[in-house]
Structures are given as C-alpha cells and as structure tokens.
Amino acid sequence: MPSLKDLKNRIESVKSTRKITKAMQMVAAAKLRRAQDAAEAARPYAERFNAVMAGLAASVGESDSAPRLLSGTGKDDVHLLVVLTAERGLCGGFNANIAKLAKQHADKLKAEGKTVKILTVGKKGRDNMKRDYGDLFVGHVDLTEVKRVGYSNAQDIARDILGRFDDGEFDVATIFYAEFVNVVSQIPTAQQIIPASFEERDDAEGASTLYDYEPDEEAILADLLPRGVATQIFAALLENGASEQGARMSAMDNATRNAGEMIDKLTIEYNRSRQAVITNELIEIISGAEAL
Amino acid sequence: MADTMQFDLVSPERSLASLQVASVQIPGADGDLTAMKDHAPLITTLRPGVLTVQGPEGEAKYVVTGGFAEISGEGTTVLAERAVPATDMTEEVYHDMVRSAHEAHAKARETFQNEPGLVDDAAKLLADMVAMGGHIGLNPPNF
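Protein chains in written order, with the numbering used here: chain V, 1 to 292; chain Y, 1001 to 1143.
Hints listed in this document are in silico derivations from the structure and should not be mistaken for laboratory results. It is possible that some hints are incorrect.
With a straight-line Cα cutoff of 25 Å, these simulated SDA-like cross-link-like pairs (lysine to any residue) come out [unchecked claim]:
(1) V:Lys147 <-> Y:Glu1013
(2) V:Lys147 <-> Y:Arg1099
(3) V:Lys147 <-> Y:Ser1100
(4) Y:Lys1037 <-> V:Tyr213
(5) Y:Lys1061 <-> V:Ala41
(6) Y:Lys1124 <-> V:Pro67
(7) Y:Lys1061 <-> V:Arg48
(8) Y:Lys1124 <-> V:Asp160
(9) Y:Lys1107 <-> V:Val138
(10) V:Lys100 <-> V:Glu179
(11) Y:Lys1124 <-> V:Pro226
(12) Y:Lys1061 <-> V:Arg227
(13) Y:Lys1107 <-> V:Gly139
(14) Y:Lys1124 <-> V:Arg159
(15) Y:Lys1061 <-> V:Pro44
(16) Y:Lys1107 <-> V:Val141
(17) Y:Lys1107 <-> V:Asp166
(18) Y:Lys1124 <-> V:Arg227
(19) Y:Lys1107 <-> V:Leu70
(20) V:Lys123 <-> V:Val149
As the structure is a prediction and not an experimental result, all values here were calculated from the model.
My request is simple: use the sequences and hints to build the entire structure.
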C-alpha cells in the first residue's frame, strides 16, 4: 500500500507528463498544418511534371535508345531500398511501420535471390533496421539539422542515388515513405523510382494534344528524368513530413487521454486512503475514550 | 488587353504566379522564344535565364534555372527548378546559383572523363548562368 505522500507524488508526476504530451500534441498540430500547406503547394508542380513525363515516356519509351533511367539496366538483380523516415520518435507507429514495410520488401527480394542495398534517410528508420539489416546499409542521409525540408534536400538525395545508379551499383530503386491520408491514418507506401514509371493520364484531352518538342523528345527526356527522381523524392519527403506530424498528433492525443485517466484513478485511490487514515484515527480515539 | 492567355509559373516548392498575360518570353534551351495566345503546342527545356511576363500590371521578370515550359493554345506553364522574382534577386542568391553550377561542372569534368558531352552540358550551364548575370546587372563571383 503506497503512502499518501507517494500517491501525491505520483499524481504530480503524471500531471506534468500530461502537460508535456498536451503541449507536444499542440505543437504537432501546428506543424501538421504547415506540412500540409507545403505538400499542397508542391502538388501542381508534381502533377504537371508527371503529366508531361507520362506523355514523353509513352512516345519514347519503346525505342531502344530510351535513357536507362526509363528503360532500366535490363537487369533486375540489385535493388536499392531508400527508406525515408523521421528524425524524431514519439510519433506512434510511424517510423516502425515504414521500416516494417521495407523489411518485408527486403526479405521478399532476398528470398528471390536478389541483392538488396539499403539507403536510409532519417535517423529513426536507420536505428530500427540496424540490427537485422545493418550489413545491407550503403549510406545514410542525415536531415537532423534541416528545419524545413526544401527541394534542395530532395535534390541532394536524388544526386546521391543517381550517382550510385551511374556507377552501376543497383538496377532498381524503390522509395519507402508514409502517405498521408488523415491524422489517424498514414499508409506506408513503396514506390519504384528507377526505372521510372509514370501513371498514365486519365484525361483524354491532354493526350490528344500533339506537342512540338524542343530540342527533341529524347533530349528533353534525358534532361527531365533526373529531375523526376528529385521531384518524386521531394513529394515523398513532404508526404512523410505531414504523416509524421499527424502520427505524432494522434499518439500524443492518446497519451494525454491516458494520463488523464491515470490521474483520475490515482486521485480516487488517494482520496480513499486519506479517508481510511481518518477513519482509523477516529476509531482509535473512540475506542480509547470507551476504554476509560 | 484583348488577347490574353493563362500563365502559370511553378517551382517544386510553390506556385509563384498564376495570371492572365499577353505574352511570355521564355529562355528556351535552343534560344529565347515568346509565347502568346494560340501558340502552337510546344514543350521546351529551359536554360538559366530571365523569364519576362507581359501581364496586366506591366512587365514582370523572373530568374529561372532549368526546368521546362509547356505551351498550349490556352496557356503556358513554366515548371522551373528554381525561380526567383527578379526584384528579389540579390547578389547572394545569384552567387549561390553560379557556385552550384560551377561545382556541377567541376564534378562532371572529374566523373565523366570519357563522356565529353556531359561535361560540355555542364560547361554550357555554367556559361548560361554567368551570362544571366549580365541581364540582371549582377557580377558573377570570382573563382
């Protein structure tokens, strides 16, 4: 049976925990809005870009001279998994879910006899995968110092990946990130970026326009494909940013609620034992008086 | 303004402009071109340069580095890797751009010793970048 003093201390400590989680939730909510705005602002570029690329890829894709970034190396032996996670924890299953998907993917590829290489972006994913897959790591991109993810960060990552591709280090690259659906739901997603695959446009109107290309289709494609990698990574980073804050917000909301429940329970216990002490003392006094 | 078309300028991070314009002068990879309403559909890559927009509120200039432009009958969309309004263009930003072009050139020279085409591309990018300074009245940094 804990003493009254112990209980009081417990209650105080849970109360201060609740204050912290509440504050974290509010900070995450504010950051989430900003992250969503950033993701929104980046959307027109990505959409336009993909539309143009899809058109180009469709017209050039079949020819033999298509760039390797589009047609692939012709092999499928070495896979690079780029795992994008957060730099911070305390955001529920966010990091673990992405890492889990990447691990499943890695296991599947290994079972098929492929070579797997892993590039991690974000500290938490690296920590998560280090024990079982540490020997597959080929690099790490640290974004701890980055307050707000910019396109230049995505460009740096893309440059790293493209450099490895040019050196023939891998055949297929896939990025892993969490797609933001809403505050309570973020879906871990795998997306192949090399060789590039573009979703076909749905609108028939865009496809029917015949464009002139300057300099020519292949030159444009060669120029744009590397940018496409950066664009996709940038989009993934932004999705991840929003997902992270969303996950943190709901995790901290839960934590705040749990702390509240705990405080209620402890308070009842505290009141009961206080009452017990009073009753005890009264009994002692009464029985003492009766004995006289 | 009688004949206007929709013009959008977007960079990966945000949309910089979306308005009705009379004409847009684009620094295309093969040379400058001006797009007006009912221009033939065209997709062109950009070289670093100055994009000039004739809009309802007069002329606006943007400094763009790379990317591409999509011109169709109804409008023009410029997707620039990096776009800065000319009024916000400072020596610092410009030097930063030239420096990264310079680094890319040095790196290309080192990495692709057997592929002169790629080195030439990087050299051209650097030259375009330096030339751009002349248009906006800034001097490139010394190396």
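Against the structure, the hints:
1. Annotation: proposed proximity of V:Lys147 to Y:Glu1013 holds, straight-line Cα distance about 15 Å (limit 25 Å).
2. For a cut-off of 25 Å, the pair hint linking V:Lys147 to Y:Arg1099 stands: about 23 Å separates their Cα positions.
3. Among the hinted pairs, V:Lys147 with Y:Ser1100 is consistent with the structure: their alpha-carbon atoms are about 22 Å apart, no more than 25 Å.
4. The suggested pairing of Y:Lys1037 with V:Tyr213 holds, with an alpha-carbon distance near 18 Å, which does not exceed 25 Å.
5. Simply put, Y:Lys1061 and V:Ala41 have alpha-carbon atoms about 21 Å apart, close enough for the 25 Å limit, and the pair holds.
6. Under the criterion of a C-alpha separation no larger than 25 Å, the hint pairing Y:Lys1124 with V:Pro67 is consistent with the structure, at around 21 Å.
7. At roughly 22 Å between alpha-carbon atoms, Y:Lys1061 and V:Arg48 fall within 25 Å of each other, so this suggested pair holds.
8. Annotation: proposed proximity of Y:Lys1124 to V:Asp160 holds, straight-line Cα distance about 23 Å (limit 25 Å).
9. Distance restraint check for Y:Lys1107 and V:Val138: the Cα-Cα separation of roughly 21 Å lies within the 25 Å cut-off, and the hinted pair is therefore satisfied.
10. The hinted pair formed by V:Lys100 and V:Glu179 meets the criterion: a straight-line CA distance of about 15 Å does not exceed 25 Å.
11. For a cut-off of 25 Å, the pair hint linking Y:Lys1124 to V:Pro226 stands: about 18 Å separates their Cα positions.
12. Restraint check for Y:Lys1061 and V:Arg227: satisfied, since their Cα atoms lie roughly 24 Å apart, inside the 25 Å limit.
13. With a C-alpha separation of about 20 Å, the suggested pair Y:Lys1107 and V:Gly139 falls inside the 25 Å cut-off, and the hint holds.
14. At most 25 Å may separate the alpha-carbon atoms for a hinted pair to count; Y:Lys1124 and V:Arg159 meet this at roughly 19 Å.
15. Between Y:Lys1061 and V:Pro44, the direct Cα distance comes to roughly 21 Å. Compliance with the 25 Å bound is thereby established for this hinted pair.
16. Annotation: proposed proximity of Y:Lys1107 to V:Val141 holds, straight-line Cα distance about 20 Å (limit 25 Å).
17. In summary, the hint linking Y:Lys1107 to V:Asp166 is supported, as the alpha carbons are separated by about 14 Å, within the 25 Å threshold.
18. With a C-alpha separation of about 18 Å, the suggested pairing of Y:Lys1124 with V:Arg227 holds against the 25 Å cut-off.
19. Restraint check: the Cα-Cα separation between Y:Lys1107 and V:Leu70 comes to about 24 Å, which is no more than 25 Å; the hinted pair holds.
20. The suggested pairing of V:Lys123 with V:Val149 holds, with an alpha-carbon distance near 15 Å, which does not exceed 25 Å.
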